[in-house]
Amino acid sequence: MALTECANGHLYDSAQYASCPYCNGGVNRVEFSSPDSGIGKTVGASSVVNQSYPGEIGATVAPASYQAASKPAEEEDIGKTVAVMKKDMDLEPVVGWIVCIEGSERGKDYKVLAKNNTVGRGEGNDIVIKKDSTISRQSHARIAYDVKHNTFHLIPGEGTNGLYLNDNPVYVPTPMNAFDLIEMGESKFLFIPFCGEKFTWQNGLQ
Amino acid sequence: MPDSTQINAANGKYLALTPKPTERLLSYRIGNLQGIGSRARQEDSFTVMNSMDVTAIKEKGFFFSVCDGMGGMKDGKLASETAIASLRQSFAAMDRSRDLSAQLVESAYTASEKVEELIGGDGGSTLIACILFEGKLYYVSVGDSFLFLYRNKELVMLNAEHTLLHDREIEAIEDGDVNPLQFEGLPEATALTGFLGMIGLDKTDSTVKPITLHNGDVLMACSDGVGGVLSEEEIKQSLELSDVNHMCFDLEQKVIAHHRPHQDNFTAVVVQCIR
Ligand SMILES: [Zn+2]
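Keeping their order, the protein sequence lines are chains A and B.
Going by my numbering, the first sequence opens with residue 1, and the numbers climb by one from there.
Going by my numbering, the second sequence opens with residue 1001, and the numbers climb by one from there.
Here are some of the chain B residues that sit facing chain A, going by a computed Cβ distance under 8 Å:
no., residue
1, Asn1032
2, Gln1034
3, Thr1047
4, Val1048
5, Met1049
6, Arg1088
7, Pro1261
Label-pair distances were calculated between CB atoms; the ranges are:
no., chain 1, residue 1, chain 2, residue 2, range
8, B, Glu1154, A, Ser133, 30 to 38 Å
9, B, His1259, A, Gly196, 22 to 30 Å
10, B, Ile1199, A, Leu181, 44 to 52 Å
11, B, Lys1236, A, Ile101, 43 to 51 Å
Pulled from the structure, derived: some chain B residues nowhere near chain A, Cβ distances all over 10 Å:
no., residue
12, Asp1095
13, Gln1103
14, Lys1136
15, Leu1149
16, Ala1160
17, Gly1200
18, Pro1210
19, Ser1231
20, Lys1236
21, Cys1273
22, Ile1274
23, Arg1275
In short, the hints are calculated from the structure, not lab data.
From the three backbone atoms N, C-alpha and C, an ideal C-beta is built for every residue, glycine too.
So here's chain A without its partners, still in its complex pose:
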């Protein structure tokens, strides 16, 4: 270990890295006039090798094939830190629906928006199923639409009364397809995608 604080204040092992591996993740360099800020110095490309853990455990951290992160940022806003801005508030287009086919709200449909939709009994959820008291108040499950890949996933939430997709328990994010059967609490829903092969909001009708 040859610990070094780089010019931008990152601690790294200079015996392992030719230059600071944290600095290389940045896509923009920022310069201020102060000679002491240390910012703006160009950091050379690093060939990053496996980083062994410097403690007694002796474990090795996953191979560090460092990703030069410079992709455009248009995709995947789900879960990102987004500020409250008026212009962002009213623009979540519908991308599908779920329809209650069994349970206390049988016959009702619910919009799935282009986001990570929470499903629960409470008013604060994106999809509110008021009348089934066996569904968790907050975020029993989530239905996420991935704009980039145009796919839907069912994601387990806080629900303690079960979550099933086509009769299989859902423990991890699971892809959803047309007419998949979602079961939560004492209710059953069919999933109807609107966006898919034939239509997306980015590319229109195919």
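Please arrange chain B with the ligand on chain A, whose structure you already have, making use of the hints.
Just chain B with the ligand now, kept in the frame of chain A:
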């Protein structure tokens, strides 16, 4: 686990450092970790200052900061790096004989102005910035990043989050509402109401009086890719470990083990205080 949900562990790095202890004064063991998660880009930035220099820590203090740039808007990385660069400049220029709390808050507003100039109010960054000087902690926080203090087997979150949820709860409490939790789960509940770069930023959370640090205290500043993913119990268990190497390693492993399908960038600076 589908491939698309795997976290890019390759970018999760951590390191630690142990400056030589000096007499009487607290010494600090410092580690940092950062990973890109499942994002295309790293928009978190962090910095430490004087970590290698015991004399500088004694005379000028130790500084660390974590900024979470806001993606989905204009360049989040540009915002968080601009903020960090400005804060480093401010810290270097502070007058140690004057009130550091006020100067730290001032440095947050200065950073905010620089981000706003560059990005025009359409994007920005959260902020946790801390000064450890003469055994005391000064901090300033804007937005929904986290500052934790682990002391005597308890974990305390020191900063208040600037989110719509938090603001509504505060309003409700001030209005005499006894059930502020009713707002949890609002779709935009975790949207930020304050961030560096926001036009008319008017709130920061900070120490009015500095917090005296004790032997054995552990501080952790982190972005919501850590603080919003791990439970307080999980964080506590990590910070209970014997040294910062283990802590950083353990935190990183836990974040990765959560297998979040949309794991945000995750960044933390961990500081262990030793007499
Ligand atoms: Zn660096």
